[in-house]
Amino acid sequence: MAETITFRDGVLEALFEEMRADPSVILMGEDVGAAGGVFQQTKGLFEAFGARRVIDTPISESGAFGMAIGAAMAGMRPVFEVMFGDFMTLCMDQLVNQAAKVRYMSNGAATVPLVLRTTMGVGAGLGPQHSQGFHAWAAHVPGLKIVVPADAADAKVLMKAAIRDDDPVLFFEDRQLYAARAMARDADETLPLGRGRILRPGRDVTLVAIGRMVGVARAAAEALAREGIEAEIVDPRCLVPLDEALLLESVRRTHRALVMDAAPLRYGVTAEIAAMIGEKAFDWLDAPVARLGAVDTPAPISRSLEPLVCPTPEKVAAAVRAMM
Amino acid sequence: MGASPKRAAGGAGSKKAPPAAQDAAEDCLGLYRTMVLIRHFEESMRRLAAAGETPGLVHLCSGQEATNVGVILALREGDYIASHHRGHGHCIAKGAPIDLLAAEILGKAPGICGGRSGSMHVVDLPRGNLGTNGIVGGGIPLAAGAALAARARGTGEIAVCFFGDGALNQGLLHECMNMAAIWSLPVVFVCENNGYGEFTAMEDVTAGESVQARGEVFGIPSVTVDGMNVRAVRAATLAAAQRARIGEGPSFIVCNTWRYGGHHAGDKQDYKDDEETKRWEAADPLITFAKTLVDEKRASRDELAAIEAEVVARVKAAVAFARAAPQPAIETLEAHVHG
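Chains U and C are the protein sequences, given in the same order.
The first sequence begins at 1 in the working numbering and counts up by one.
The second sequence begins at 1 in the working numbering and counts up by one.
Mixed in with the good hints, there may be bad ones.
[To be verified] Quick list of in silico lysine to any residue cross-link-like pairs, SDA-like style, CA-CA up to 25 Å:
1) Lys272/C to Gly195/C
2) Lys280/U to Ala335/C
3) Lys280/U to His338/C
4) Lys6/C to Lys297/C
5) Lys108/C to Gly108/U
6) Lys268/C to Ala20/C
7) Lys280/U to Ile182/C
8) Lys297/C to Ala20/C
9) Lys280/U to Glu281/C
10) Lys108/C to Pro142/U
11) Lys43/U to Ile182/C
12) Lys108/C to Lys280/U
13) Lys280/U to Lys268/C
14) Lys280/U to Ala20/C
15) Lys108/C to Gly143/U
16) Lys43/U to Ala152/C
17) Lys297/C to Ala282/C
18) Lys316/C to Pro97/C
Simulated from the structure, these hints should not be mistaken for lab results.
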């Protein structure tokens with residue numbers, strides 16, 4: 001049996017390999033060094049690469065992330081970790097007004113090759129200020145690239161691609177996926193950002209899913225298959241750049257699309273992708289493009305309320321049935 | 001009411017700095033020429049702004065030439081600076097060609113950034129300039145980060161971040177001073193304290209008895225200098241740069257200075273006191289340094305006048321170039337968002 005790795009270790013392997021290959025790659029964040037990361041997601045890097053490349057920052061997200069941008073402009077390739085996605089708000093000025101705009105402002109003469117990696121995801125009782133995913137916010141900002149990996153093998157190759165990319169890349173890791181295993185892929189394999197994949201072929205409906213929603217879509221597709229409905233699952237992997245060609249090609253075959261995300265529905269990424277499909281594949285559609293997202297509320301901690309927040313396989317299957 | 005920091009016109013403030021002497025490496029005429037160049041460039045930009053030729057907002061640094069030049073001409077090629085919204089002087093002192101800078105401010109194609117960024121967003125990385133910046137305090141972490149990169153590489157560059165008194169109350173400054181101190185980063189924090197954040201007097205919004213104490217609290221060697229005296233600024237910068245280069249970490253220099261033109265070109269400056277303005281104008285960095293050079297017999301009045309005439313001609317040519325330059329081609333609108 002081939003080797004499998006967890007999502008967490010997929011990202012960690014990518015960091016080891018890229019830091020070994022390129023001395024300009026550095027890691028910054030709270031407790032990423034000697035402690036090995038609060039989720040053990042940076043374990044061993046400090047011992048391997050030392051304090052000048054694996055840098056424990058104070059709890060100063062704005063200043064420390066701004067310094068990562070300055071370091072990137074000065075020739076480094078920082079990977080900056082924000083422990084919980086919610087804390088990204090503290091970096092927003094640096095992200096939006098500095099990192100995202102430097103290439104444009106300099107007319108292409110300066111670049112900010114950095115990765116902001118952060119965790120997200122409702123579901124561990126972490127509540128309103130430790131659960132949110134800001135990928136939709138970030139995707140609205142010109143100049144940023146957005147990656148939302150769905151499994152361990154992808155997490156590894158996409159992190160390697162993100163580190164090698166010359167633009168600021170936001171890498172959103174769903175903590176619910178951290179322990180999930182997937183088949184390891186070749187160590188040297190990389191993938192250009194912006195290439196999606198078809199995970200399950202199907203003739204009747206296209207399910208567009210990122211991150212944890214890929215697993216939800218798979219469970220729904222299995223249930224639907226028992227009813228004779230064959231769903232195709234497309235994982236765009238990156239929200240910016242978005243693999244529009246792959247999505248449109250799928251929808252033109254299936255004639256139906258359901259777009260889903262685990263972040264709040266309103267003004268979210270599902271709206272953008274659904275609008276794009278509506279604009280570019282309208283004549284192929286047999287039903288309005290449908291969307292599913294989290295409820296538009298902060299995440300509650302209660303064990304009765306929290307499971308109601310994000311789309312479930314049952315909700316996905318019900319939404320598909322309503323389209324047929 | 002609590003105590004607030006005080007500034008003395010043409011002086012260092014409450015803590016008297018030693019009088020600055022010429023150092024062996026000083027190119028006194030180079031300092032003078034660069035200050036005069038910045039002044040004439042800025043006054044040309046003021047006229048262009050009044051004529052409606054500069055898109056958006058333009059913030060001029062006339063009056064602050066000694067802080068621009070005293071700091072930057074004490075650096076080495078390869079060192080980094082990060083500037084702020086009042087940053088034309090920094091760009092010029094760091095070597096930006098004035099014709100291309102003028103074209104950028106006018107939004108023209110040959111500008112340093114292709115005419116798309118203008119006065120507040122000039123990024124000139126090939127000359128080590130991390131950029132002027134539209135966010136107050138925005139350049140501070142960029143310079144500290146460039147210093148972090150230099151330290152990680154071991155390549156020996158240092159970085160300077162310029163900010164105004166307005167940034168003293170940004171949390172970002174304190175975060176970055178703390179990190180620069182704990183990591184002994186080769187960075188020099190330079191506060192160009194011109195007494196006003198936009199239209200609000202610094203004293204009205206800034207607590208504590210001294211500005212330099214904001215560096216001292218992090219254990220950062222901090223000094224207040226006469227920001228109208230280019231030699232005083234240069235001497236403080238050389239000392240700070242030396243500390244940075246030998247691994248002794250950051251320094252903080254407070255330069256008390258004055259902006260002649262108010263917050264932005266066209267600011268009527270009703271909030272300023274006439275007597276205060278007169279006191280600062282008497283300490284004009286160009287006039288006082290010219291007098292010093294003549295008194296020390298380093299140049300005659302005629303030689304200084306010749307330098308000024310040459311500068312005026314250069315600025316005139318740069319402005320003519322920029323005005324005649326084409327607008328950016330419309331197909332460049334979406335270029336360089338991503339690689």
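Fill in: Earlier hints that do not hold, by number
4, 6, 7, 9, 12, 13, 14
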